[in-house]
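Put chains C, G and X on the given structure of chain F with help from the hints.
There are 4 protein chains.
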Amino acid sequence: MRDIGVGIIGTGFMGKAHAFAYRAVSGIFPVSLRPVLRMVADNNPDARRAAHRQLGFERETADWTVLVRDPGLEIVSITTPNVVHREMALAAIAAGKHVHCEKPIAPSAADAHAMMMAAEAKAVRTQVGYNYIKNPLLVLARDMIAAGELGEITGFRGIHAEDYMASPDVPYSWRVDPSGGGGAVADLGSHIVGMARFLLGPIASVNADLETIVKTRPVAPGASERRKVKVDDIARLTVRFARGCGGQIEANWVATGRTMDLGFELYGTKGSLAFTQERLNELLFYRAGGPKGLKGFQKIEAGPEHYPYGLFCVAPGHQLGFNDLKTIEVADFLDAIAGGEPKGPDFREAWEIQKVIDTAIRSSRERRWLDIA
Amino acid sequence: MRDIGVGIIGTGFMGKAHAFAYRAVSGIFPVSLRPVLRMVADNNPDARRAAHRQLGFERETADWTVLVRDPGLEIVSITTPNVVHREMALAAIAAGKHVHCEKPIAPSAADAHAMMMAAEAKAVRTQVGYNYIKNPLLVLARDMIAAGELGEITGFRGIHAEDYMASPDVPYSWRVDPSGGGGAVADLGSHIVGMARFLLGPIASVNADLETIVKTRPVAPGASERRKVKVDDIARLTVRFARGCGGQIEANWVATGRTMDLGFELYGTKGSLAFTQERLNELLFYRAGGPKGLKGFQKIEAGPEHYPYGLFCVAPGHQLGFNDLKTIEVADFLDAIAGGEPKGPDFREAWEIQKVIDTAIRSSRERRWLDIA
Amino acid sequence: MRDIGVGIIGTGFMGKAHAFAYRAVSGIFPVSLRPVLRMVADNNPDARRAAHRQLGFERETADWTVLVRDPGLEIVSITTPNVVHREMALAAIAAGKHVHCEKPIAPSAADAHAMMMAAEAKAVRTQVGYNYIKNPLLVLARDMIAAGELGEITGFRGIHAEDYMASPDVPYSWRVDPSGGGGAVADLGSHIVGMARFLLGPIASVNADLETIVKTRPVAPGASERRKVKVDDIARLTVRFARGCGGQIEANWVATGRTMDLGFELYGTKGSLAFTQERLNELLFYRAGGPKGLKGFQKIEAGPEHYPYGLFCVAPGHQLGFNDLKTIEVADFLDAIAGGEPKGPDFREAWEIQKVIDTAIRSSRERRWLDIA
Amino acid sequence: MRDIGVGIIGTGFMGKAHAFAYRAVSGIFPVSLRPVLRMVADNNPDARRAAHRQLGFERETADWTVLVRDPGLEIVSITTPNVVHREMALAAIAAGKHVHCEKPIAPSAADAHAMMMAAEAKAVRTQVGYNYIKNPLLVLARDMIAAGELGEITGFRGIHAEDYMASPDVPYSWRVDPSGGGGAVADLGSHIVGMARFLLGPIASVNADLETIVKTRPVAPGASERRKVKVDDIARLTVRFARGCGGQIEANWVATGRTMDLGFELYGTKGSLAFTQERLNELLFYRAGGPKGLKGFQKIEAGPEHYPYGLFCVAPGHQLGFNDLKTIEVADFLDAIAGGEPKGPDFREAWEIQKVIDTAIRSSRERRWLDIA
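Protein chains in written order, with my numbering: chain F, 25 to 397; chain C, 25 to 397; chain G, 25 to 397; chain X, 25 to 397.
Simulated from the structure, these hints should not be mistaken for lab results.
Small disclaimer: the values here were computed from a predicted structure and weren't measured.
No copy is singled out in the list; a pair is fine if it fits within one copy or between any two copies.
Lysine-lysine pairs mimicking DSSO-like chemistry, simulated, CA-CA at most 27 Å apart:
| id | residue 1 | residue 2 |
| --- | --- | --- |
| 1 | K316 | K294 |
| 2 | K254 | K294 |
| 3 | K316 | K367 |
| 4 | K294 | K323 |
| 5 | K239 | K252 |
| 6 | K239 | K294 |
| 7 | K294 | K252 |
Okay, chain F solo, but in the shape it has when bound (with noise of 0.2 Å):
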């Protein structure tokens, strides 16, 4: 096991998450490289200090730029808004650092199709935030439909939801500026369109509608100037996979008392599966032609048989939590660098995720359905 130095860009929500899982990672997976947090870059002077101090790391910055090129590092882990995702991702693949970048990993598919050609043209790896399809549960599933224990599927119900801008008081942000590309169908729909797509493969087309339920919003918290929003609150949108069946996607950040309603049923003709994330450690799965009188869902639950729930705790029922998904995130990404298979969601995926946003949003401008290109 040798060290590798990691940079962290944020430290805000996703910015500990991404600390915590770089801290836990090498304690719980067998991997051979054992990250070392060397830097932090924010320009909050104090959230910035706090969490030299607080995660670990050995030296902090105010200036990114410093970060993404100091030779120590290896991973640079990109936590902003996503709006200067681009900018940070090129620095630090020009740097030839491996790029770990928070979800969605551009306002648009045209940045999201420079950085991946960026990294693909440098050889750098790339992981994308997309921790909750790293639910050993979520694999489960994909495993069950790849294998054909569902049989053809026929359909797909997703839906993430949670309620952080429902109320009118909460200000005017990064969230809602339309520089940052979509609203709820870019930071919460990515998140679910990430995971049908790597249950069921890519997506064909769309059919959307887009509303702004919270028109205006202070211009900072507790202001009585408000500004105009132009981004979407909640996002509807019907697609067609490519392997033929359809679905429907809800994406809803004003979605009163949900605060991790991401999940889904499908189904198919040997088979069904229904998940949420508000109950991370089941998966309901029912099988079709079983014993007359005793037919049902059944709740499986997360346990060792689910790699890798094993190396967390030896004993069934016991429950991942979410920093635990980020964990896995990054045990993947380690060992895609270490030369091992990616598991993805690299860049390539998340533009592939970040194409069905964007024409999402502009089938519902157009009223029609479009194509993915």
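Just chains C, G and X now, kept in the frame of chain F:
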């Protein structure tokens, strides 16, 4: 309390359910009309005689035209396939009968319109079998919405999924014959569209995607010869309500493992509701702005505080069943006949529902948004 | 099918439930006897007349002794407080009537024994109102256990908790009068003890802890004068079954927030079951030794494969309600009267249940294990 | 923040869990002590070396006596079978170390008492691994009870059921050796007894029924020779709390199909709570006296309002996992070492729990109620 004669056409699933309800209602509800099962009509002699004997009808006939003209009947209940509803209903109306008709009311909105016009011209009462919305908890939901307890409604997500057509061995029948209108979109979609309208009012426009999963079906049970299916197995609707909000609706009769997944999630600026017919005695309610750290969805259990639950059982939590919902429907119908305020859904409402179904079918063919005319 | 005259004593919660069931049964079940509601008895004139009119009895009386002797009746249904069950039942038996009695059958096992002996001597059929075990899913559970599908049973954990006595404002009544026997242990405990026996057979010994939570109650609704309560509000039983396994059972009528928490978990060497009346159409089943990584509790939904569900509804998942269970009870009773195999619980079984209740009360007083004599 | 040396004895399930927690804690919590994994001890060389390498210990040893005396360590963590806890803890205390010991603390209350006395005499801090009560939602539950939000508590119903000993093929081991004290009553019972005490305070008396289901076990994995088992597989306790209320508690390690059924229902005069570790991020809460028709159990989801959830994740609903609870335990321990208010459970509390276990075992033998001495 005076007796009122009832005739039922059809003795299948719904024929029995109607008979049970007409038998039970006067014991449970303080109705002023006591239904008497005077006559049953079915062209299958065995079924007819079994129903006659078992369900306690006074007389039986093979000829429904005899039934609709019988002077001893004031109510005619139509539980046959929807392709014949129009003819039967018009004859019953012409004979001055009040008409109770199963859903969907007719193969097309045009048929429904003719039936509605005839009924209104003749001033008979009509009732259509959308029994699920008779659930006291759904009346509570509708009343909460109307009272503004959920604030402005921002979105609806509804589904009616079952799996009775999932097997490719299920033979060709009137259910999949295009003369009856749509497939799942009509049979199940009408329930969830009706429920959406019951809760939120008119649907203004729709964009639908219908598909046929089981392309051919045996011409008869066990037959090797197969016939091409032209109606939908799955319908995915995106809708805009007249009140402004949007939603997604799915109707699916090939949803492997589902037997009664009729439900919705409904979000408002002040609260949210979630319901599934799989647990028909429970309504989930989230109220925004609760005490810090103690927020969450609340499971309201049906009880005597939710009229007319208390007429069935004075103790909360003891639970209504499917047939009880049908009994409430009949009680509402009798009340309307006796001069009370009609609670619906009547033929006019059924026509409105049918327009949404028809428009969805057309939208799917034309691949575009259509207004409900 | 011949008519059979029924008289019901009492018009409260259970009086109504019985009347609904006797009205409904011949429409739903292929019974050879068609119940006719001939007479109702209640000493409250308003209640009596309302029941007469609403429930469709032919006649009414203030004097139950008139009812039990009426030659037009073959069945007497007793739904009064249990302190008077014995007198009424003995009179009805003496008059040669088949007796349907609510639970608990009597204030003591001695009373129950006398009733049982009289009934058996007279060879009349008896039925006691343990309606919950009429649930088709509980019959399934019992049959699975009997067939060895769960292996050797290793433990039972049962509860019946409601909260109708939780408020200290609930007045003193027959429910808490010691002349009626126990408190919660009798009213609710008899249900869960009966269910335990239905599933697993006789209870051999018991160690109980009974306590009174609400020490005094108003002598009448709203009265300031209060009367000391001598019966239990909560009973906690540890039991050993004759088959060898043990269990815990709770009866609790001050369980704030619970309206119908009647249920159990039951473990065997080859599988397990879990059930709650709160979701009476679901039975959870775990089968040991399933495929690796796909194990878990399965939710069996009631359907036509679980007789007699299909008589109520041909489609699975549509759900039975509380009153339907009572209808099944009545169907079983009629079948026994017509010469079929009695399905119980009859007075003998009710006596067996009552012995467990009595022994539990004595065990709690003596603070020790006692065998069921 | 200063470094503090940690040594861990044992590298199994709990050894790893401790190591993960000590690694993670200083990144997540604002602790003033930063744990450094200095040494691991295990007499199995492969396990020891794997732990050394994987978990990042600086040194390893086969001899735990070396570890406890090592001057570089201030904390000794004991994760070995409980039969050896006493010897190790006393040695560590004698060397002036703070001791973190897995549960149950010892085979008997006498041993626990000796350990507690030694620790208190030496004024070292102690922590026992009752990690489940570190759940922020259980702290909320305890605080709600203490604040009177549930009124007077009237009853408790607790369980800890798993199935890791259900198979008769599970070989004889320290778990079932009577030198380690009880069986399920000690291993699982100590968790649910500890949880009951955490929420409701001391248990005053107990009446228990213990039984051995699997009478013999193979002497080694796969061996045909079997050895008689003398400890319990299931323990059923009826208890009275010092505060006045009663309860039932079950510990069961042969509960087929259960992997983490640790939970309770708890009733008060003003409200109720229900919890299961199977869904550790949810607490069900019922508040008496809510608005008519809108009452019901509410599902509180863990979020940043429930300290220290927010240190792990700023967004509600994202969920903690099992290892996170262990991290909270370690944070509490470090805080106590640094001079903060000990949050426990310390050796004194573990002794109190052990007294309940010992008394339960004796009660079962003597078939009678016993006070906790």
